[in-house]
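Taken in sequence, the protein lines are chains R and U. Going by this note's numbering, the residue at position 455 of the first sequence is 455; the numbering climbs one at a time, nothing skipped. Going by this note's numbering, the residue at position 128 of the second sequence is 128; the numbering climbs one at a time, nothing skipped.
FYI, nobody ran anything at the bench for these hints, they're computed from the structure. Misleading hints may appear alongside valid ones.
Listed next, the in silico DSSO-like pairs over lysine-lysine satisfying Cα-Cα at most 30 Å (straight line) [claimed, not checked]:
{"hint": "1", "chain 1": "R", "residue 1": "Lys25", "chain 2": "U", "residue 2": "Lys175"}
{"hint": "2", "chain 1": "R", "residue 1": "Lys232", "chain 2": "R", "residue 2": "Lys444"}
{"hint": "3", "chain 1": "R", "residue 1": "Lys53", "chain 2": "U", "residue 2": "Lys175"}
{"hint": "4", "chain 1": "U", "residue 1": "Lys58", "chain 2": "R", "residue 2": "Lys25"}
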Amino acid sequence: MTIQINLNQPPFSFLSEQQLEWLTKRLDLVFFAAGAVILDEGDVSPGVYIVYKGVVEETDKSGQQVFSQYGKEDIFDVRAVLESSCKHRYTAIEETLCYLLRAKDFIQLLDESSDFSIYFKTDLGTQEELVDQRSNDVSEFILARIDEDSVRPPVYVTGQTSLARVAAIMEEQKYDAVLVRTARQVGIVTGTDLLRATLLGDKTKQSKVADIAQFDLVEVKYGDFLFSALLKMTQHHIERVIVTRDGDIVGMLELMDMLSVFSTHSHVIAMRIEQAKTMKELVVAARRLEVLIDSLSTQGVKVVAIMELITTLNRRLMERAFELIFPKRLQKSVCILVLGSEGRGEQILKTDQDNAIILQNEHDREAVQPLLQNLHQALLDFGYPPCPGGVMFINDSWINTVDGWVGKVQRWMRSGRPEPMMNMAIFMDAEPVCGNRELFVPVKASWQTEALRSSMTSAWFAKPALQFETPLTFLGKIREDHGTIDIKKGGIFPLVHGVRALAFEYAISDCNTLQRLDKLQALNVLDDETTQGLKDALLFFLRIRLRQQLESGSDNPGLTQQLQLNSLRSVDRSLLRHALHRVKKFKQLLVNHYHLENF
Amino acid sequence: MAPFWLLKKLPGYMPPEGRWRHLAEPYDGDEVVVLDCETSCFDKKKGELLSVAAVRVKGGEIRLSEALDLTINSNAVTDPNAVRVHYLRREDRRQGVAVSEAIEKVLDFVGNRPICGFYIEYDRAILNRYIKQLHNFQLPNRFIEVSELYVRQKRKYIPELQLDLTFEGLAKDLKVPIIERHTAMGDVISTALMYIKLTHFNQRS
Numbered sequence: 001m002t003i004q005i006n007l008n009q010p011p012f013s014f015l016s017e018q019q020l021e022w023l024t025k026r027l028d029l030v031f032f033a034a035g036a037v038i039l040d041e042g043d044v045s046p047g048v049y050i051v052y053k054g055v056v057e058e059t060d061k062s063g064q065q066v067f068s069q070y071g072k073e074d075i076f077d078v079r080a081v082l083e084s085s086c087k088h089r090y091t092a093i094e095e096t097l098c099y100l101l102r103a104k105d106f107i108q109l110l111d112e113s114s115d116f117s118i119y120f121k122t123d124l125g126t127q128e129e130l131v132d133q134r135s136n137d138v139s140e141f142i143l144a145r146i147d148e149d150s151v152r153p154p155v156y157v158t159g160q161t162s163l164a165r166v167a168a169i170m171e172e173q174k175y176d177a178v179l180v181r182t183a184r185q186v187g188i189v190t191g192t193d194l195l196r197a198t199l200l201g202d203k204t205k206q207s208k209v210a211d212i213a214q215f216d217l218v219e220v221k222y223g224d225f226l227f228s229a230l231l232k233m234t235q236h237h238i239e240r241v242i243v244t245r246d247g248d249i250v251g252m253l254e255l256m257d258m259l260s261v262f263s264t265h266s267h268v269i270a271m272r273i274e275q276a277k278t279m280k281e282l283v284v285a286a287r288r289l290e291v292l293i294d295s296l297s298t299q300g301v302k303v304v305a306i307m308e309l310i311t312t313l314n315r316r317l318m319e320r321a322f323e324l325i326f327p328k329r330l331q332k333s334v335c336i337l338v339l340g341s342e343g344r345g346e347q348i349l350k351t352d353q354d355n356a357i358i359l360q361n362e363h364d365r366e367a368v369q370p371l372l373q374n375l376h377q378a379l380l381d382f383g384y385p386p387c388p389g390g391v392m393f394i395n396d397s398w399i400n401t402v403d404g405w406v407g408k409v410q411r412w413m414r415s416g417r418p419e420p421m422m423n424m425a426i427f428m429d430a431e432p433v434c435g436n437r438e439l440f441v442p443v444k445a446s447w448q449t450e451a452l453r454s455s456m457t458s459a460w461f462a463k464p465a466l467q468f469e470t471p472l473t474f475l476g477k478i479r480e481d482h483g484t485i486d487i488k489k490g491g492i493f494p495l496v497h498g499v500r501a502l503a504f505e506y507a508i509s510d511c512n513t514l515q516r517l518d519k520l521q522a523l524n525v526l527d528d529e530t531t532q533g534l535k536d537a538l539l540f541f542l543r544i545r546l547r548q549q550l551e552s553g554s555d556n557p558g559l560t561q562q563l564q565l566n567s568l569r570s571v572d573r574s575l576l577r578h579a580l581h582r583v584k585k586f587k588q589l590l591v592n593h594y595h596l597e598n599f
Numbered sequence: 001m002a003p004f005w006l007l008k009k010l011p012g013y014m015p016p017e018g019r020w021r022h023l024a025e026p027y028d029g030d031e032v033v034v035l036d037c038e039t040s041c042f043d044k045k046k047g048e049l050l051s052v053a054a055v056r057v058k059g060g061e062i063r064l065s066e067a068l069d070l071t072i073n074s075n076a077v078t079d080p081n082a083v084r085v086h087y088l089r090r091e092d093r094r095q096g097v098a099v100s101e102a103i104e105k106v107l108d109f110v111g112n113r114p115i116c117g118f119y120i121e122y123d124r125a126i127l128n129r130y131i132k133q134l135h136n137f138q139l140p141n142r143f144i145e146v147s148e149l150y151v152r153q154k155r156k157y158i159p160e161l162q163l164d165l166t167f168e169g170l171a172k173d174l175k176v177p178i179i180e181r182h183t184a185m186g187d188v189i190s191t192a193l194m195y196i197k198l199t200h201f202n203q204r205s
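Can you make the complete structure from the sequences, with help from the hints?
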């Protein structure tokens with residue numbers, strides 16, 4: 001039979017060959033005139049429609065509010081088939097041809113194929129996960145779990161054991177580290193610790209091991225991704241972590257054991273960053289980050305894990321550059337902040353350098369400025385394009401003392417004008433990364449006051465979230481002109497800024513949007529469904545943007561915000577529609593919450 | 001085309017008997033059958049039936065899931081030019097059904113519904129030739145010519161309008177997708193879409 005749609009993509013690719021063949025024999029073809037109502041509110045749907053040609057719009061009963069548009073190979077209305085009746089109105093905008101899979105046949109397929117049914121019955125996040133699993137050649141290494149094969153069983157000694165005895169046990173067991181049990185706690189001691197204590201310190205062979213053991217253990221859970229263990233090691237600059245199961249220690253995970261497993265060299269880059277003694281070496285390491293992102297992404301690593309890893313590495317990179325450039329004395333008296341997406345930890349490919357500096361003493365300004373120029377140059381060499389808005393510590397307005405910043409924040413907040421509000425928004429995501437982090441504490445406290453939160457300022461602050469239209473209504477038409485959408489304006493910014501405004505109002509000090517959402521959920525500001533929906537939507541936006549940016553092959557892939565709609569798989573288009581729909585709903589929530597209709 | 005009542009009175013009219021008696025009964029449903037035959041050469045008298053496809057159309061809906069799509073196990077030597085048209089080589093027809101079986105299936109499928117097609121006169125002649133030979137009657141069904149519907153609609157307001165009456169011309173003007181041209185099934189789907197558009201959509205807008 002001649003079926004003119006690609007059945008080689010999700011959800012149909014979840015079906016077996018026989019099921020697909022059966023499916024193609026069950027399809028009817030329906031032709032709708034432009035303007036024809038295909039399904040109306042309250043109708044019982046004869047089945048699911050798969051668009052072959054044309055555009056269908058989903059609206060409310062009056063046709064005023066548009067929820068979504070459907071183009072080639074999009075499917076509607078699954079909900080009407082699974083539930084009793086249709087909730088919205090579906091109208092053919094142009095002459096439209098749809099394949100129709102009758103409800104009973106569709107339900108039979110759902111019964112027969114669990115993947116197929118999971119795809120339809122679950123929310124956005126799970127759908128996406130399912131698609132991800134299928135479409136990527138998932139590397140076994142990266143998705144391997146911490147299990148018996150990777151974990152070494154622990155070897156314990158008591159706190160009273162002498163260092164000489166511990167060394168003998170390590171030699172015997174061929175372990176580089178053993179666990180130390182005292183009456184109160186469990187610690188760890190490594191071969192290096194022993195050497196340092198005896199050769200560099202004042203300990204002898206007879207000293208007790210409890211004196212030199214470290215008790216702040218870094219733990220991972222049995223069953224976690226190996227990847228997350230790697231992340232912890234990178235964050236804490238250590239080479240082994242403790243594996244726990246239901247709170248009990250079940251073993252140790254050694255970096256060396258893992259390196260033999262990992263192929264992505266993420267740790268190799270991390271080590272290079274750590275060991276770099278010159279700026280040149282750092283640049284080499286920095287330039288490899290993009291390759292790493294590319295390989296992680298194609299290996300199917302979750303975007304949230306990539307984000308976390310890259311943020312960690314980026315910050316280390318900046319810190320190392322800072323340590324190389326700033327003399328020791330000045331390192332203590334300044335604090336460098338990363339702002340915007342870098343501050344939130346949501347930058348994957350380098351988009352721009354948004355940063356600022358806090359001075360302890362105004363009289364250091366002249367000494368610091370040339371150093372900042374050097375650091376700025378280093379960041380350019382690492383591949384960070386300069387910030388087009390000039391939000392950089394090389395510009396005078398982004399260098400200030402603690403008092404200066406406090407005053408500036410007050411002025412921004414009181415101004416009630418959009419431009420200062422946007423500066424404030426960028427600044428609100430600040431995260432101190434180098435130097436004396438204490439300097440940032442009073443600055444941050446200056447906007448976390450009850451008086452500001454409860455004033456009109458909150459509403460003024462929230463308002464820019466509405467400044468760009470959600471590109472929902474235009475979706476179908478843009479695609480027809482080989483169109484693109486600006487994913488930052490249309491999806492990411494309103495979501496991120498709205499969450500930021502709520503975070504400000506509810507005194508949430510986290511910067512990361514996902515963490516802010518968690519806190520807002522915990523405070524009952526947002527319900528569970530909204531929270532999960534926004535998280536899924538944000539990660540989805542970041543994922544498809546990253547994929548297209550990597551595919552673009554340009555020199556600065558991080559700069560493109562334009563999403564090519566026609567190169568999206570149809571399943572991604574449908575997910576995109578869901579995600580944008582979520583953003584639109586969220587904007588409505590903001591309007592109601594801040595009474596923005598009056599502004 | 002002569003109306004049915006007149007047709008019955010014409011000399012040489014052969015009504016169906018027995019198993020297909022119901023074909024001559026007037027049809028009061030709202031379905032039509034869109035049908036297309038591919039033959040070994042383009043000749044009403046000599047062309048041998050190679051494949052036949054048909055779908056029932058009801059309103060805007062084409063019942064693809066219940067379509068008839070038959071290839072006939074025929075030994076006819078095909079005109080190389082015709083092969084280029086329908087791509088049915090002798091080898092492709094080996095798996096097909098006997099022509100007598102195909103004709104019976106077509107008759108069962110069509111019933112007394114109106115039959116619609118593009119240049120349907122040709123398909124009618126081919127089918128009637130076989131039916132007459134095998135069952136000694138001729139199709140009493142009402143026939144609907146898509147191109148005639150098209151001409152009538154186009155010339156309603158501008159009688160002198162020059163029209164491109166090829167299959168492709170109609171498809172282009174009516175903005176109907178051409179699906180696998182010259183396979184019986186593909187042509188049937190496109191023709192069905194033209195029929196729906198000409199009868200169910202408001203063309204003036």
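Going down the list of hints, with the structure as the test:
1. At roughly 26 Å between alpha-carbon atoms, lysine 25 of chain R and lysine 175 of chain U fall within 30 Å of each other, so this suggested pair holds.
2. Between the alpha carbons of lysine 232 of chain R and lysine 444 of chain R the distance comes to roughly 27 Å, so the proposed pair stays at or under 30 Å and holds.
3. With a CA separation close to 11 Å, the supplied pair lysine 53 of chain R and lysine 175 of chain U stays within the 30 Å bound.
4. With a CA separation close to 18 Å, the supplied pair lysine 58 of chain U and lysine 25 of chain R stays within the 30 Å bound.
Hint violations for this structure: none, all hints satisfied.
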